[in-house]
Amino acid sequence: MSKKNTDYHAAGDQEVVYKKIGIRRLFTSPDADEAREHFKSKSRRMIDKTTTVKDAVASLVNDGDYFAAGGFGSNRIPAAVLHEIVRQKKKNLGFSGHTSTHDMQILVAGKCINRCDAAYVVGLEARGLSKNARKSFESGEIEATEWSNATLAWRYKAAAMGLSFLPARSTLGTDTVKYSAAMEVPCPFTGKPYVAVPALYPDVAAIHVHCSDIYGNCQIKGISVSDLDLARAAKKLIITTERIIHNDEIRREPHLTVIPYYEVDAVIEVPYGAYPSNMAYEYFTDEDHLMEWLSVEKDEKALEEFLEKNIYNCKDHWEYLEVNGGLEKINQLRIQENLSDRV
Amino acid sequence: MSNYNGMELMICLASRYLENDGSVVVGTGAPCAAAMLAQRTRAPKLMVMFEAGGIGPILPSMPISVGDSRTYYKGLLTTSMPEIMETCQRGMVDYTFLGGAQIDMYGNINSTVIGDYDRPKVRFPGSGGANDLASLCWRTMMITPQDKNRFTNDIDFITSPGYLTGKGAREAAGLPPGCGPYKIITNLAVMGFDEETCRMRVEMIHPGITREQVIDNTGFELLWAPEVLESEPPSDEELEILRTEVDPRRLIIGRG
Chain A
646 MSKKNTDYHA AGDQEVVYKK IGIRRLFTSP DADEAREHFK SKSRRMIDKT
696 TTVKDAVASL VNDGDYFAAG GFGSNRIPAA VLHEIVRQKK KNLGFSGHTS
746 THDMQILVAG KCINRCDAAY VVGLEARGLS KNARKSFESG EIEATEWSNA
796 TLAWRYKAAA MGLSFLPARS TLGTDTVKYS AAMEVPCPFT GKPYVAVPAL
846 YPDVAAIHVH CSDIYGNCQI KGISVSDLDL ARAAKKLIIT TERIIHNDEI
896 RREPHLTVIP YYEVDAVIEV PYGAYPSNMA YEYFTDEDHL MEWLSVEKDE
946 KALEEFLEKN IYNCKDHWEY LEVNGGLEKI NQLRIQENLS DRV
Chain B
34 MSNYNGMELM ICLASRYLEN DGSVVVGTGA PCAAAMLAQR TRAPKLMVMF
84 EAGGIGPILP SMPISVGDSR TYYKGLLTTS MPEIMETCQR GMVDYTFLGG
134 AQIDMYGNIN STVIGDYDRP KVRFPGSGGA NDLASLCWRT MMITPQDKNR
184 FTNDIDFITS PGYLTGKGAR EAAGLPPGCG PYKIITNLAV MGFDEETCRM
234 RVEMIHPGIT REQVIDNTGF ELLWAPEVLE SEPPSDEELE ILRTEVDPRR
284 LIIGRG
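Here the protein sequences come in this chain order: A and B. According to my numbering, the stretch in the first sequence is residues 646 to 988, in order. According to my numbering, the stretch in the second sequence is residues 34 to 289, in order.
Hints may be right or wrong, so weigh each one.
[Unchecked claim] The list that follows gives simulated cross-link-like pairs (lysine-lysine, DSS-like), each with its CA atoms no further than 30 Å apart: (1) A:LYS756 <-> B:LYS154; (2) A:LYS776 <-> A:LYS954; (3) B:LYS107 <-> A:LYS866.
Hints in this document: simulated from the structure, not taken from any laboratory.
Isolated chain A (complex conformation) (with noise of 0.2 Å):
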């Protein structure tokens, strides 16, 4: 038969069954109506959204709140409002573990998080384990449930689309998807199986990029990682932003544009504002900073010491950057990260 005339609709009227294969809680709603009614709500006008980090996360963040980071972890992370929720000392959040290591280790030092979709948790990759991330998760003190990295991406997917799922073909027949909180679902056409991964639409969500406008258009350089549809899935978010550049700039160049200005609830300006992790073509991670955060974890009252000296003691991002060694030690991270140590 040629394929031409071949008929692909071919499944007809069928019993459908759905599989519970996952038998962990799911944390969030992910009905896309409860969700278009917040959006409903969600202003749109282009106005002035700068403030400061003190005020967004004092605002914008609630206690019990389910919060996600933008960022890989190491990479692009919202630094200054992590600090800033630590130091407002937030409680019970629930936190999306995408890819998460120095962010989540972050907020577990601060005690903010009581549970966790984890797909990527408690190590900080080739440089080791958080001791203190793991201690949370091991005591029960956080309550997981498990995805993998695609997963949980594409839940911020589904969450972006305005839907409540999407079928996905990886962690069938593995612990993983056993210890989620996904279901099983047959193809509609092809009756082949596959995992339903519920939409995550997070209370709130922060983000650092390297350009944004006072309204909250945005441009990211290098990987987007899974911002673009967490921007679009949160319904509050948090822009911190190397620069604020003129709502000219943004028009100019409007195919740089990755988070549109409705999206945003607030902006602000903190120039370095992932340090220490490495921010795509500015500077590289502070490597030594990281390590010293592993190893203080060792020791309780080290770790106290440490999370005074460089969060509570500090008033902002800025104090915190002074504390580690300022604008010097970014020179030397630019230098990093431009190669510029090598020939």
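Starting from the known structure of chain A, arrange chain B on it as the hints suggest.
Just chain B now, kept in the frame of chain A:
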């Protein structure tokens, strides 16, 4: 006395499986070193991808994170994690490398917990992208030290799928057909998987290593290829490039 160490041998062996017209998603560490070595020897056009969104870099030095700026240095595209994973899901990625705390005879890998899930003795990072890559890339490889605790059928948690419970189990669970574990490269041997049983099968033993050593360091019964070859040691050229260009600071190869 050989003029190379175990890590150098594993990286060289792994790099030889990567083809010039192939694509690979790698993490940091030994797999990245293998991809860099392949790019500088027999596979200059190998398409290297990183799960955070870097595609086609000309790697200047070893990345520390799979999302740091080295992973897209002089790259072709900086994109997103969903795009990388969707490219895997479309069937466009040939190879990937995984790591883990435990592996069983079907190549199932644990990187989540040691002990009971609810009160684990040790909590590890979990899947990260590993499950997705093992589910969706055509051929999964692993570079790992071999010992009885690591190579065990008493695996505490299947984070990433190997052949699950044997032939046909991946497909029955709903994973895309035709993919799965390919080569396990250790400090002792190179193992593939028997086509009929999908069980781990020794194909090569490294120079100076005996069958008994391989058996003694494995917690389950291994199958043996009809003809077990001796692994070809690193060439002078491979060692030179590995030591001077890929890992001059000996971050990976310094681990022996």
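Checking one constraint from the list: CA of A:LYS756 to CA of B:LYS154, max 30 Å. Satisfied? holds (21 Å)
Hint check: B:LYS107 vs A:LYS866, CA-CA at most 30 Å. Holds or violated? Between B:LYS107 and A:LYS866 the Cα gap is close to 14 Å, so the pair holds against 30 Å.
With a cut-off of 30 Å on the C-alpha distance, tell me whether A:LYS776 and A:LYS954 pass. Holds: A:LYS776 and A:LYS954 sit about 20 Å apart, inside 30 Å.
Comparing the model with each numbered hint stated earlier shows that all of them hold.
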